[in-house]
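K.L.:
Please model the entire structure based on the sequences and the hints provided.
Residue numbers (my numbering), protein chains in the order written: chain B, 118 to 677; chain G, 196 to 366.
Incorrect hints may appear among the rest.
In silico BS3-like links for lysine-lysine, alpha-carbon gap of 30 Å or less [to be verified]:
#1 K378/B - K202/B
#2 K364/G - K520/B
#3 K282/G - K672/B
#4 K168/B - K300/G
#5 K327/G - K201/B
#6 K201/B - K300/G
#7 K364/G - K384/B
#8 K327/G - K179/B
Worth flagging that the hints you see were computed from the coordinates, not collected in a lab.
Residues per chain, in single letters:
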Amino acid sequence: MKNDNTYDAIVIGTGISGGWAAKELCEKGLKTLVLDRGRDVKHIVDYEDLKAPWELPHRGLKTQEDIRLSPIQSGVYNYNEVSKKYFVNDLDQPYEQVKPFEWARGYQVGGRSLIWGRQCYRRSEIDFLANSKDGFGVDWPIGYKDIAPWYDYVEPFVGVSGSLEGLPHLPDGKFQPPMPMNCVEKEVADRVRKGFTDGRMIINGRTANHTKKIGSRGPCLYRGKCESGCSYGGYFSSNSATLPAAIATGNMTLRPFSVVKEIIYDKEKRRAKGVRVIDSETLEVHEYFSNVIFLNASTLNSTLILLNSVSDAFPNGLGNGSEQIGHNLMDMPYGAGARGSFEGHEDKYTYGSRPTGIFVPRFRNINKETERKDFLRGYTFQGGASRRRIEDAPGIGAKLKEKIAEAGGWEMGITAWGEHLPYYDNKVTLHKENKDKFGMPILKIDCEFKENEKAMLEDMKNSAAEILEMGGIKNIETYNWNKIPGSCIHETGTARMGLDPKTSVLNKWNQMHEVNNVFITDGSAMASSGCTPGPSITYMALTARAVDYAVSEMKKGNIR
Amino acid sequence: MKRRDALKKTGFIFGGSIAGSALLFQVGCNSKTSDSVGFFSLDQINFLNEVGETILPQTDTPGAKEANVGAFMAVVVRDCYTPENQKEFIEGMDKINSLSKNSYKQSFVACTEQQRTELLSILDEEGDDYFKLIKNLTLTGYYTSQVGATQFLNYNPAPGYYDGCLAQKPW
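P.N.:
What follows is the structure, encoded as structure tokens:
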């Protein structure tokens, strides 16, 4: 049945992975319907990044009303007077926290790609073999060699700046020149490299902020306003990069205000035939049909759609014969580290707001010599040295004005991001009674850090202090921000890839084992969280790879 | 220093009795009129600008009054403060005036520059929370104002590059 509602492909979601699915499908010539539950956000046109601070009523501060309406979102590190329009209203979009879980959400075209942290680190062979080695989770169905060409493919388009280091556990990529270290970071990095024999080192952060122009995008102007959206296209977002590429093909139909209720399954043909969508403005329900569907609604919302897509064939949710959908939820334990002061370079300052910092690659459990008894897997650090103006000081009057024109001392800190093991009982389910304003069940999130993560957090503090001490930092103090799951905003794992349909949801092509025309390439596909932050580049590579496979299968007639 | 000590003492003794006194400033959401901003009347904003100017006076760069920190404070206290901080801030405004009347027999705004500086220096040294709030908003309001950002600081909305080893202060 061909009608106006029929397309070659449907993409659900327009964040990091959905934007890539849209671009790749459209560029391969497929007429593609791209759905997002929120409003459209047009690159440049809809940003407010060019406003000076004095043009904002609260000069960037959040209000009590913001906190009331969005008690969770307003706690996110980059939520402010300008960026708040890219975060949801929590009262309007409730979920249940069985255990404390901070769920950061951006319901608009572009999703969280407008407000992401932009760090990009490839997963390595150590990450892909981790589950097989220690038995947590299921074996990854792919290795580094399977995804490496796809990292090579996406990185130049994304525009990742970073340094080449030749490390097996942190593979290099197709990078633009790195953003530079400052003089203190260079000196500390030099001492750390010389001082440790276990491979600890400080390298340039790898970020999707561009040091070179890519077409009309960038370069980054070091304004420190990424979370406002960037009118200069200085960082990668769906809005600045992938969606314009998809539009340029003439093959994309973008439909904002489209809350996907469910994926419609055709029992006889054993395939998904389309989606049922609630128009968030009119509340009318529409159906759209296609040969292939890419589900990219973000980890937890993709899970919601799958679990809500019940039929005779799949009473527990679409393609959920394994009963793994919603389980094995991971985030990343983070927020432990150390900081201190640096004596020297008193005649030096920094200029420009650098949207990245320094990075310490994994150095625990990378070989026999670095094996730990107290925890499995590893973690990495992000951080930096800085020298700020003194913003407050004792006294008043002309003397105070002199004081606040002076610079403080150099300070340096590093904070860790670590791996979260996949546990079956860390899960998200549908609430049996409570529904949202669209009649969709709300999610119940039941996720925690366990002993391995806690032991890792303890080690993070100590090793951070050791690194800073070796680097010549003084007055070192350690900290643990005691972050709850979700707050790292790296939720993954609830529709994992695997070799065995009995224990996993997706095969090695991100294709559902049980529904071969549905592909899931957002964070839910991950079989392990990996030890570095910056998971998005992996979702992008997996998406491009999955689209390439799906389209070749369509051409062969294996998907229709 | 004797006079400062006396003032401190007066402030201390007087401080305790202010909370219960009738607010010198009538405040609240329902007091909003066309000649007000946020919680505060134009008189109150003027008062906050004078307090701000004493904290950050005009020198070879503009002072807090020119940056109109009073209007900024009115909006932030109304929209961004918790009710507890609002109460503390507003009572703090009254305390400053009461201390001024007690010590100098006139309102803060009517005081000489020297008297204002003397009074606020003591409050700064004593470090009461309400004065910290006022001082903090003065500083924030100044840095983020057009005159503060462009004339006191070296505001550049688009630096264009990062220099991690600059030989002079960038502001």
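K.L.:
Give a verdict on every hint.
P.N.:
Hint check:
Under the criterion of a C-alpha separation no larger than 30 Å, the hint pairing K378/B with K202/B is consistent with the structure, at around 24 Å. Straight-line distance between C-alpha atoms of K364/G and K520/B comes to about 13 Å, which keeps the hinted pair within the 30 Å bound. The straight-line distance between the Cα atoms of K282/G and K672/B is roughly 70 Å, outside the 30 Å bound, and the hint therefore fails. For the given pair, K168/B sits about 45 Å from K300/G by alpha-carbon distance, which is inconsistent with the 30 Å threshold.
Our distance criterion of 30 Å between C-alpha atoms is met by K327/G and K201/B, whose separation comes to about 28 Å. Distance hint between K201/B and K300/G is unfulfilled; the C-alpha atoms sit about 48 Å from each other, more than 30 Å. A C-alpha spacing of about 70 Å is found between K364/G and K384/B, which places the hinted pair above 30 Å, so the restraint is violated. Pair hint K327/G plus K179/B holds up; C-alpha atoms about 20 Å apart against a cutoff of 30 Å.
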